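Q: Single-letter residue listing:
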Amino acid sequence: MHKVGEQCCFDGLADRPGGAFLGVGFQAMRDPDEELVRRVGAGDKRAASELVRRHLPRMVGLARRMLGDAAEAEDVAQEVFLRVWKHAAAWKPGQAKFETWMHRVGMNLCLDRLRRSGRHGGEVSPETPDVLASATKALDDRQRRDRVRDALQKLPERQRAALVLCYYQERTNIEAAEILGVSVDALESLLSRARRTLKSALSAERADLMSGIETS
Amino acid sequence: MNEARFMELLSAYGAELSRWPEDDRTQAEALLEVAPHRIKDIWESERAFDHLLALEKDAPASIALETRVLAVSPDRRTARSRRAAFARQWRMPQWATGGAIAASLALGFAAGYAGEPSSTDTEYAKMLTLTGAGAGSVFLTAMNDPEN
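Same order as they appear, the protein sequences are chains A and B.
So that you can map any letter, position 9 of the first sequence is 9 in the working numbering, and since no number is skipped, the others follow by simple counting.
So that you can map any letter, position 119 of the second sequence is 119 in the working numbering, and since no number is skipped, the others follow by simple counting.
One thing to keep in mind: the hints can contain errors.
Stated by the list, open to error - Here are the computed lysine-lysine pairs in the DSSO-like style, where the Cα-Cα straight-line distance is at most 30 Å: (1) LYS45/A x LYS86/A; (2) LYS154/A x LYS199/A; (3) LYS86/A x LYS40/B; (4) LYS45/A x LYS57/B; (5) LYS40/B x LYS92/A; (6) LYS40/B x LYS57/B; (7) LYS92/A x LYS45/A; (8) LYS154/A x LYS57/B.
Unchecked claim - Derived DEER-like restraints, expressed as beta-carbon distance ranges: (9) ARG142/A x THR67/B: 41 to 49 Å; (10) ARG47/B x ARG142/A: 20 to 28 Å; (11) GLN143/A x SER62/B: 20 to 28 Å; (12) ASP50/B x ALA71/A: 40 to 48 Å; (13) ARG47/B x GLU50/A: 32 to 40 Å; (14) ARG149/A x ARG47/B: 17 to 25 Å; (15) GLU8/B x LYS86/A: 49 to 57 Å; (16) SER18/B x ARG149/A: 51 to 59 Å.
FYI, nobody ran anything at the bench for these hints, they're computed from the structure.
Everything numeric in this text was worked out from a predicted model, so none of it was measured.
The C-beta atom is built at its ideal place from N, Cα and C for all residues, glycine as well.
Whenever a hint applies, use it, and build me the whole structure from the sequences.
A: Here is the structure:
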């Protein structure tokens, strides 16, 4: 079984659309990108534009949440699309979903960068007392968002990857487990730990939000 | 689904049921309907936390990035040359094709002779030598030589 840590380099077919990784439930699904990718492979610029509109924001989001840097996230998203352009003509439908493949490529690029730069995320213990817990002033959504962003960046790499794929990239548990090369059970364990850690790190925001709900 | 499994899934996926494993969603809904207040309170608290996490949304990609990405997307001419390059990858050079045919023939003869019931090991080794099977057959001949 692959671990996230072993996926930093691309291995043959897994790096190509329709390549070696298969989810149990993928084969029966109709890939919504199939026709578009075929047209991109034939050199249709309008199809390329549609594919970019559909997936570029999500690829930037994935990379930004993993790397915590907007410029670096754009580089990764661009690199993902360079690979799409390169392999679109050889795309074989009916194996892995195209979007899942893109996520795998994007996630691997992010993990490579994190390893090369020695950033693995903080090992924040859920028991760590939160310095923000004493903050009493009400927070607006923008401040809360920034705190969530910071807390995400402090998560250990594997927990962050699991959470980003399931919560923000809207991958199913099976797809996310495939992308990370772990079992669904292991994915659920990563998600639980990530959520626990975040709850601790965001306890002030959480209390603030709950009081807002109770008083409204 | 029992309460323990429900809590396990809630702690992993949160209160947004569309994130839960598909097979568990209906049972979770049924369990939640008849659940005691204690469970419903936990559910509400998880739902509020989901709301907090959802504040971290995707911003639209910048126009500059979109332009850069699209500028290098394949047009009809580059797509044709890429397809041709892909086809070339799988085409064997002539010498390799010839070699493969010769090797297939040799193996075919070898397999045919090997199936002969009257063949002894020594004859089989000689046959391999005759069909040009190379160093392996010389080794086999030597091994079967009664004087060795």
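Q: Please go over all the hints and tell whether each is borne out by the structure.
A: Each hint, compared with the structure:
About 14 Å separates the Cα atoms of LYS45/A and LYS86/A, which keeps this hinted pair within 30 Å; it holds. Taken as a hint, the LYS154/A and LYS199/A pair is honoured in the structure, with Cα atoms around 13 Å apart against an allowance of 30 Å. Distance restraint check for LYS86/A and LYS40/B: the Cα-Cα separation of roughly 50 Å exceeds the 30 Å cut-off, and the hinted pair is therefore not satisfied. For the hint linking LYS45/A to LYS57/B, the alpha-carbon distance of about 29 Å falls within 30 Å, and the restraint holds.
Proximity of LYS40/B to LYS92/A is assessed by CA-CA distance (about 46 Å); at most 30 Å being required, the pair is judged violated. A threshold of 30 Å between alpha carbons decides the hint, and for LYS40/B with LYS57/B the separation of about 27 Å falls inside it, so the pair holds. Distance hint between LYS92/A and LYS45/A is fulfilled; the C-alpha atoms sit about 20 Å from each other, no more than 30 Å. As the CA atoms of LYS154/A and LYS57/B are separated by approximately 18 Å, the hinted pair is consistent with the 30 Å bound.
With their beta carbons about 28 Å apart, ARG142/A and THR67/B fall outside the hinted range of 41 to 49 Å. At about 22 Å, the CB distance of ARG47/B to ARG142/A agrees with the hint of 20 to 28 Å. For GLN143/A and SER62/B, the Cβ-Cβ distance of about 24 Å falls inside the hinted range of 20 to 28 Å, so the restraint holds. A C-beta distance of roughly 29 Å is found between ASP50/B and ALA71/A, which places it outside the suggested range of 40 to 48 Å.
A C-beta distance of roughly 35 Å is found between ARG47/B and GLU50/A, which places it inside the suggested range of 32 to 40 Å. In this structure the supplied range 17 to 25 Å holds for ARG149/A paired with ARG47/B, their Cβ-Cβ distance being about 21 Å. Look at GLU8/B against LYS86/A: about 42 Å separates their beta carbons, and that is not inside 49 to 57 Å. At roughly 23 Å, the beta-carbon separation of SER18/B and ARG149/A lies outside the given 51 to 59 Å, and the hint is violated.
Of the numbered hints listed earlier, those contradicted by the structure are 3, 5, 9, 12, 15, 16.
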